[in-house]
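Number of protein chains: 4
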Amino acid sequence: MRFGDTDAAGVMHFYQLLRWCHEAWEDSLNRYGITAAEIFPGCRADQAPPSIALPIVHCEADFLQPVHGGDQLAVTLKPARLDPSQYEVNFLFQLDEINVAKGIIRQLAINPETRRRCAIPEAIDRWLEASAIGTIGPL
Amino acid sequence: MRFGDTDAAGVMHFYQLLRWCHEAWEDSLNRYGITAAEIFPGCRADQAPPSIALPIVHCEADFLQPVHGGDQLAVTLKPARLDPSQYEVNFLFQLDEINVAKGIIRQLAINPETRRRCAIPEAIDRWLEASAIGTIGPL
Amino acid sequence: MRFGDTDAAGVMHFYQLLRWCHEAWEDSLNRYGITAAEIFPGCRADQAPPSIALPIVHCEADFLQPVHGGDQLAVTLKPARLDPSQYEVNFLFQLDEINVAKGIIRQLAINPETRRRCAIPEAIDRWLEASAIGTIGPL
Amino acid sequence: MRFGDTDAAGVMHFYQLLRWCHEAWEDSLNRYGITAAEIFPGCRADQAPPSIALPIVHCEADFLQPVHGGDQLAVTLKPARLDPSQYEVNFLFQLDEINVAKGIIRQLAINPETRRRCAIPEAIDRWLEASAIGTIGPL
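Protein chains in written order, with the working numbering: chain A, 2 to 140; chain B, 2 to 140; chain C, 2 to 140; chain D, 2 to 140.
Among the hints, erroneous ones may be present.
Each pair may be met inside one copy or between any two copies, as identical chains are not told apart.
As the list claims (entries may be wrong) - Once the Cα atoms are required to be at most 25 Å apart in a straight line, the calculated DMTMM-like pairs of lysine to aspartate or glutamate come out as:
id, residue 1, residue 2
1, K79, D63
2, K103, E24
3, K79, E114
4, K79, E27
5, K103, E130
6, K79, E61
7, K103, E123
8, K103, E89
9, K103, E39
10, K79, E123
11, K79, E98
12, K103, E61
13, K79, E39
Derived from the structure by calculation, the hints contain no laboratory data.
Taking the hints into account, I'd like the entire structure generated from these sequences.
What follows is the structure, encoded as structure tokens:
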């Protein structure tokens, strides 16, 4: 855990955990061979912007133990399809195998023009399948 | 909504909402005459640090509508005591009276040395009472 | 100063100052009647995106005194045109009339397509003129 | 570069670069065998807090090229002692060997009680020596 993620109580400032969740999700996609440009807007101009937007519709976190600067946390993530256009990712943060925090991020697939629900992008779908049979390990 | 709170999707980056919740809570305490030094560690050295810590044990947010740079959001907050050592604050964000997002922050009162639960600090207790009878308005 | 802007040293975490500089600049434009949509991309879709981009090309900050949670800082800003396509804004942060920090943000006007320099947008130009004759006060 | 570090202009939001500088510095110390607890307050309670504080007194950044989500930047850092109680670290960010940004962080060694200048901590001193003879590579 980085010094810049602490606050004057001496421990992790709460919402930084949700930043780490998102970054762990980005890393997991990347390990599975999904490039940032397939999923995220704003990548290099020679890459077509993604045709499906994935706004976060819900997030939550539970803080079980204080997290200090210098703590080396392990994060495990477990995605689940909720319906054809929605999925969530559960994150578990551990320090020396003790659970210190949990997070959830839920995303909805929409057409960025009409903002109506659509099917989850194929790349995410493959990633969801892969995780269901256990091929994605802790980061 | 500030430019620095957006991301490359062109709208608010999700966890910034939880920052706004915390800031709205700080503002509400302040309006009710509770100084930062009564509640938060790290204030000026001539002020005794608070004898009770209030770690956030849970937070969540629902994102109902996209929030754009320049949007003038109104936030309403509604605190509730959950048990003698725990309370939560519900936040509603509106744009032109349309609900755009909701947030919840739950805090536990503990002794900062022993890290065991204790009674909610008196100042917070007064603030919870006041809100129950409706004297705190939208920020 | 907000609790979320501190770190475990008990004082403001350094780069938050540059966030405040940018926000103070946004507030100053706004007071002068310049809407966010005139300057920033990502505003409401019924507003045309700005035809000139203003990337930050340089920023710096000097930290003169520790800033604590609960400190009520005053910020004064002083913009200056550097050349026809470049300007900078100097920010001074004070606590009880004592200087606690300074910041500078320098921005370049470019065509967002070609990324070549162009003239500073007219709205910013008017704001620069106004400040030169002293009509913008401390925030 | 992470999606959460962008803004609605589609590229890196400026002050995130200074966050990366600090994190690169933390990584460099760590690689050189200096634990977070030796340098940063707020680490685990079984570790004595550092007896010397290292507030940042100046920082700056130059932005040479836009940085997009998904860009894999390399960072090189070059520290220099300025006087017995002060040093700075220069950071260079490159994408495919093209310079995209530079940063500087300057820190002052002080006694945290008296807030008077003191000698740079021994661990940092060793790290400065090592870098002068070139044993710390790019991160």
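Each hint tested on the structure:
1. K79 / D63: Both ways: K79 and D63 sit 16 Å apart in one copy and 20 Å across, limit 25 Å.
2. K103 / E24: both (14 Å within a copy, 23 Å between copies)
3. K79 / E114: Classified as neither: same-chain Cα gap 30 Å, cross-chain 35 Å, threshold 25 Å.
4. K79 / E27: Within. Shortest intra-copy distance 13 Å satisfies the 25 Å Cα cut-off; inter-copy 29 Å does not.
5. K103 / E130: within (22 Å within a copy, 31 Å between copies)
6. K79 / E61: both (15 Å within a copy, 18 Å between copies)
7. K103 / E123: Answer is neither; intra-copy 27 Å and inter-copy 30 Å both fail.
8. K103 / E89: Classified as both: same-chain Cα gap 13 Å, cross-chain 18 Å, threshold 25 Å.
9. K103 / E39: Cα proximity of K103 and E39: none, with 27 Å in one copy and 29 Å across.
10. K79 / E123: within (18 Å within a copy, 41 Å between copies)
11. K79 / E98: Classified as within: same-chain Cα gap 17 Å, cross-chain 36 Å, threshold 25 Å.
12. K103 / E61: This pair counts as both: shortest intra-copy Cα distance 8 Å, inter-copy 12 Å.
13. K79 / E39: within (21 Å within a copy, 35 Å between copies)
This entry does not satisfy hints 3, 7, 9, going by the numbered hints stated previously.
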